[in-house]
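Asker: Residue strings, one per chain:
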Amino acid sequence: MTDMTPDTPISDDPTGDEIALLEEKFPGAITIEDRKGYEGIIIDRDKLVDVARTIRDDLGYDLLNSATCVDYIEDEAFEMVYHASSTERGGSPFTFRARTPRDVAALPSLIGVWRSADFQEREAYDLMGVHFSGHPNLKRILMWEGFHGHPLRKDWREPFYEQDTKPFDSRWPGGHVIRAEYTNPYGKNVQYPEGFTLEDYHGDIEESVYAGLATTDSGIGIQHLRTDELVVNLGPQHPSTHGVFRMAVTVDGETVTKLEPVMGYLHRNHEKIGERNTWLGNMPFTDRLDYLTSMINNVGYAMTVEEMLGEEVPFRAEVIRVLMSELTRVVSHFWLFGFFLNDLGAFLTPAVYVITERDLVLDFFEAAAGSRMMCNYMRFGGVAYDLPAYIGGPAIFDTDRARRIDTRRFLHDLVYERLPRVTDELDRYLTGNEILISRTKGVGVISAEQAINYGLTGPLLRAAGVPYDLRRADPYGIYDQLDFDVAVRYNSDLYDRYLIRLDEVRQSIRILEQILPMLDETEGQEYWAGKRPYNHRVPEGDNYARVENAKGELGFYVVSDGGQNPYRYHVRSSSFINLTALEEMSIGHKVADIVAILGAIDIVLGEVDR
Amino acid sequence: MYGVGIFKGLGVTIRHFVNTYVDDLKWGVKRYQTDEGFEARQSPDTTGIVTISYPEERMAVPERFRFVPFLVTNEPDDPEEPNASWCTSCGICAKVCPPQCIWIVRGEDPETGRPIPDPAEFYIDIDICMNCGYCAEFCPFDAIKMDHNYELSSYDRTTAHIHDKERLSKPISYWQKIAPTRAEEERLAREHKEAAKAIKKAMRKRKKSA
Ligand code: SF4
Ligand code: SF4
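Protein chains in written order, with my numbering: chain A, 41 to 650; chain B, 463 to 672.
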């Protein structure tokens, strides 16, 4: 069922023609970006919705990848930056922006054009305080209702605030240590609304969460049984939600009629931390986004900054990056098989089988990068180390058991033998299982048009019949030199979402089979070019770069003011944006099914909540 | 026929179950009590049970493994400067550390008050350290290395989790033990650097006299 993407011409950056068309249609509303290092156009905010619709319909950029806000405090303005791509033509995204003065902080919502703007605008409202007129459900999403202030604004300071950017002066040369906990006395650095007193504070009763879930008086009568509607919370402390995610649902009997995803329990304002950090300092933090795919996160972030630095990556490093990315994809999909089956009630047997395989791959990561999950392996201009000579280590403690397996042998056994065998075994084990089929066929369906409009990416989009894979659509690294097919399935139900991951694992193994000879050929070559500084200065400008993560498009949007720290650092998280369609996919299904639907979206809360 | 898929799947489960015993019978106790048995159990060819009975047995971690760093010092029986820290208190690790958990008080000469290349105090807040390994990677003097001892539990975090210079210091032989190849590579690189410096110095002298 897998087939090749048609050989579509990869379109260049937004051509002059496209901009000319917009200018002609909306005279006076379009300004061409002329700041150094920036690209795209600035759209007059009154015309934003109309121009956006033209960009979608006439220019064919049907997928809104990312919408995020930057606080240009010196210009007294907020700027929303949008990146839209064409699922048909591929190529780099079309960048457009809209500005609003800081004291107005209002823009029209694009939710009517792209549903995928929904959560992203809520995020901008929550963290930056920009209002989006026309957004039907504009409320906080990562912080809780009743939180005071907008943490991503440049003038907002966190309770542990010490200095705007790292490195902090207090660490050296006069580094008299204090525990971080002692630097946060309540009252200092914590902002309260004016006139706040504890006496009048009654806590957060989550009115806004439940507002949309109001039950109707009478349930829908099923045969002779009259049922009542009921609001139920699934999670956040429940294994079915894969972490601290919560679904507040209205059920009629067993059937879900409304669903409100509630998130942010794991929010640590990754982006604010990222703006305090140095450019290099962000690398280990990206490990903690989607912690099942830290290698790919590293690649994405490294690429984003490399493009701005104009850094060349040696060929061997590119080969190693693909090796790491594809192994990561395989184990991430394996993980999904295990826990998806767990969601369907198979408990842990499949999970234990796949974790065994994953552990072998992690053994390799550990030997190469020094850590199983928090790899921190990519650097600007290459990878941190060459591949290790062997897997295993010297025994130090009495009870230590040493092993020493040649890396080449280990990888060969894994890629040519074990992974294909295990994939076939999983296929035999699960694919024909009648219970699995009856639980998954026809559940959670979303049409291809809707999937694009909701901004779904990754396996979810491809299971809906849209062969959009960034490794082909907007190739990065050396993917254009590798031979593989973009997996695609057409039914868009849970069963296809399961099958497509099996297809993708097979394609990844196919890529790995081509990578191993390349590793042999490049043996001993340079793996990290350049001077390897620790305090990069990135030229002024902005950049959006993305990679195909196991869950979908992982993008990084960064703005540099020429300094040692990012001025803005934003993560376009596929786990987060894919959840936009959760309600759409869930309505009308049983409670037990929405657990499976959520499982098949494949979220990792580290990346959802950031 | 309905149920065929389920039975096929059960076949896989049974295979897994049987394989556990096949592997155990083939190896006997050797599978659990020798390093060869361990290697076979933890390699891509393994078929049976793969679990490790921690803490009775532990998997030795690879050389690049990173856990909370330590400071490298001379050996206690070093003929010239026993136990001397290799750290020059240059502050690079404190600057590169992403969560900023390294605190260094630069050493000062008690008479002149001028900075000396030896830290007066050196702290790492291990509650905050994210084990990224940057400090070791960017230290120009090989003076800070990532440790392999991941068992750091303690009863009291407020007093036990800020490691001071004394707690952090470990002799170079420890590093050579936990990461033999890397330690050797680094030693060669240092020697190379020294040699290059000496040559440069000699050449400069010659130029001057000429
Ligand atoms: S450990 Fe290394 S980087 Fe850190 S201060 Fe000492 S010499 Fe400098
Ligand atoms: S390992 Fe990373 S976080 Fe820990 S002290 Fe070193 S630089 Fe800082």
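Do not rely on the hints blindly, as some may be mistaken.
Unchecked claim - Chain B residues, not near chain A, derived (Cβ > 10 Å throughout):
id, residue
1, G473
2, Y483
3, R568
As the list claims (entries may be wrong) - Here are some chain A residues the structure puts well away from chain B; computed CB gaps all over 10 Å:
id, residue
4, V249
5, Y393
6, G472
7, I477
Said to hold, decoys possible - The list that follows gives simulated cross-link-like pairs (lysine to aspartate or glutamate, DMTMM-like), each with its CA atoms no further than 25 Å apart:
id, chain 1, residue 1, chain 2, residue 2
8, B, K488, A, E73
9, B, K488, A, E563
10, B, K655, A, E566
11, B, K492, A, E73
12, B, K488, A, D467
13, A, K571, B, E518
14, B, K492, A, D399
15, A, K87, A, E73
16, B, K632, A, E73
17, B, K639, A, D426
18, B, K488, A, E566
19, B, K470, A, D467
20, A, K571, B, D485
21, B, K470, B, D485
22, B, K470, A, E202
23, A, K179, B, E599
24, A, K179, A, E221
25, A, K571, B, E570
Keep in mind the hints are simulated off the structure, nothing from the lab.
Note that CB positions come from ideal geometry on N, CA and C, so glycine has one too.
Asker: Hints the structure violates: just list their numbers, smallest first.
Answerer: 1, 3, 5, 6, 7, 8, 9, 11, 12, 13, 16, 18, 20, 22, 23, 24 and 25
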